[in-house]
Amino acid sequence: MSPRYILRKLGQALFIVWGVSTIVFAAVRLSGDPVALMVADTAGADEVQALRRAYGFDRSIPAQYLVFLQHVSRGDFGESLRFNLPALSVALGRLSATLILAVSAMGVAVLIGFPAGILAAVRRNTLLDRMAMMSALLGQSTPTFWSGLLAILLFAVWWHVLPASGGETWRHLVLPACTLGWFSAAKVSRILRSATLEVLSADYVRTARAKGVPQSQVFLKHVLRNALISVTAMLTLEFQLLLGGAIITETVFSYPGMGRLVIQAVGTRDYPLVQAIVFVFSFLLVLTSLLVDWLYPWLDPRISRDR
Amino acid sequence: MTPAEFPHAGRGRLWTPGILTASVVLLVVSVWAIAPHLITGANPVRGRLMENFRPLLGFPGGSISHPLGTDGLGRDVFARIVYGARPSLLVGCISVILAGLLGVIAGMLAGYFGRSWDLILMGIADIQLGFPFLLMAITLAAIIGPGLHTAILALVLTGWVPYARLTRAELLSMREQQFVQAAQATGGSPLHIMVRHILPNLIPTLIVVATFSFAQMIILESALSFLGLGMQPPQPSWGSMLSDARNYLTTAWWTGVFPGVAIVATVLSVNVIGERLREVLDPRLRGL
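Taken in order, these protein sequences are the chains called S and B. 16 is the number that our numbering gives to position 16 of the first sequence; each next residue is one higher, with no gaps. 77 is the number that our numbering gives to position 77 of the second sequence; each next residue is one higher, with no gaps.
The set of hints was computed from the structure by calculation and includes no laboratory data. As the structure is a computational prediction, the values presented were derived from the model and not from experiment. Glycine included, every Cβ here is placed at the ideal spot set by N, Cα and C. Hints may be right or wrong, so weigh each one.
Selected chain S positions facing chain B (Cβ under 10 Å, derived; list incomplete) [unchecked claim]:
no., residue
1, F15
2, V17
3, V20
4, L137
5, P143
6, F145
7, L150
8, G212
9, H222
10, T251
11, V266
12, D270
13, Q275
14, S289
15, L291
All chains, please: the whole structure from these sequences, using the hints.
Have a look at this one:
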């Protein structure tokens with residue numbers, strides 16, 4: 001991998017993080033008085049004035065922007081109004097819970113989506129294929145907050161086998177992870193099916209079969225490996241969607257992650273915290289994109305790293 | 001695969017049972033959205049507290065006056081679902097149209113007018129990838145306050161990117177084709193070439209993308225209402241009904257089931273029709 005390529009990708013990543021931060025900065029200022037967003041309606045005029053000075057809102061916009069960039073580059077988003085702690089550390093305190101949820105959901109998606117997609121491709125146009133694709137379409141059309149409610153209703157309210165909310169033990173993780181992963185499983189199986197179908201009709205698969213390579217070998221070494229290339233890129237994108245979806249799933253299950261925190265922060269007008277969480281989320285997204293850029297050429301040597 | 005092998009690929013019967021069912025569902029939901037008062041006489045906003053948590057018809061305590069039961073404030077669940085169709089479909093339609101227009105215009109500017117436009121617009125599109133829809137909506141809701149306008153703004157601001165990418169990519173390949181070069185050689189202005197020669201070729205693909213995006217937008221709108229960022233109570237919307245239902249799942253399961261059925265039925269129908277459109281209009285997109 002050439003240093004130029006790495007530099008370019010890192011530059012792109014920095015650009016995106018800068019862009020998101022700047023949008024948030026601009027949006028707060030465009031809305032009028034940001035301090036009015038932060039304080040309660042009952043706050044006195046001198047209280048508002050003090051806060052305005054504390055946050056530097058009494059200075060000119062370009063000056064504010066420079067200070068903002070300086071602070072952000074140090075990871076300083078100001079203090080959370082509700083927790084009276086640095087906003088970034090409040091956000092990062094919930095990061096692991098969200099990551100665990102997203103990774104488990106990814107696991108669920110792969111565990112369900114891979115076998116379903118491969119089976120559907122191999123048994124193409126059979127009842128099995130139709131059923132797999134029908135449930136994929138159904139999965140894509142079902143919002144997570146509803147499948148989550150149904151899951152709570154079945155497993156917590158009626159059958160009492162799993163807890164409905166919270167996040168203390170692994171048992172609390174099962175329902176949110178399955179709910180979040182189910183949506184992606186649908187997409188994974190569809191993509192894998194069409195990728196497998198495409199590879200199955202490739203010349204090298206026919207050649208491998210013709211020269212007498214055992215079916216299982218053909219499948220593992222030729223078909224699956226090639227089908228997985230296109231699925232990998234899609235999985236990264238899916239992971240980014242899962243992170244976003246975590247916001248809803250965490251709210252449904254009162255799971256103590258960053259997503260639920262950001263909804264609460266909007267409700268309590270904890271603006272510095274919203275800003276910090278948006279920053280952490282976009283940082284994660286950019287990081288996953290970088291990761292796939294590095295993984296992709298490794299999976300598929302035909303793609304040069306120096307694109 | 002050659003056309004000779006699959007002579008009927010992408011054709012076949014127009015009205016399969018799936019398409020028929022999907023069309024009927026969408027027709028019904030559209031009528032709900034346009035004229036809900038013709039469907040149900042019950043008030044979707046005001047209920048009788050005395051009649052709260054009535055179960056649905058067929059269960060002990062259920063009655064024909066509330067076929068799907070009542071919620072915690074004694075409001076008729078069926079009436080709220082019928083009236084809730086409007087925000088979902090309205091936000092979906094407006095957002096798809098605006099995002100489509102914005103995206104196509106941006107894609108054309110980027111694809112046709114060359115490098116500087118291209119760099120700026122695709123740079124913005126890249127930033128948008130780092131700023132997923134829900135976060136955008138949350139930021140907007142924090143700033144301009146929650147409501148339908150927030151939902152539409154968030155959906156448009158995030159929804160334009162696929163159209164822009166697609167339009168740009170198609171433009172770049174079409175620009176080199178003979179019919180465009182012929183139009184240029186005979187002195188057609190860029191606007192004329194765009195509108196008369198390039199856009200018509202893009203429309204089938206755009207229709208397919210818009211259909212799937214419409215389904216997506218309905219889900220996202222109800223997600224926003226669920227999070228309290230979209231349609232505000234007491235006005236009914238499918239998402240906020242589910243959010244309410246979360247608090248009394250143990251006593252009134254029906255309040256949490258039927259609004260979801262409405263969402264899934266609508267979105268599934270749009271997706272089924274989208275699949276068919278894709279087969280008919282744009283075989284290249286199949287399997288995506």
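Inset, instruction - Please flag the earlier hints that this structure goes against, numbers listed from lowest up. - result: 8, 9, 15
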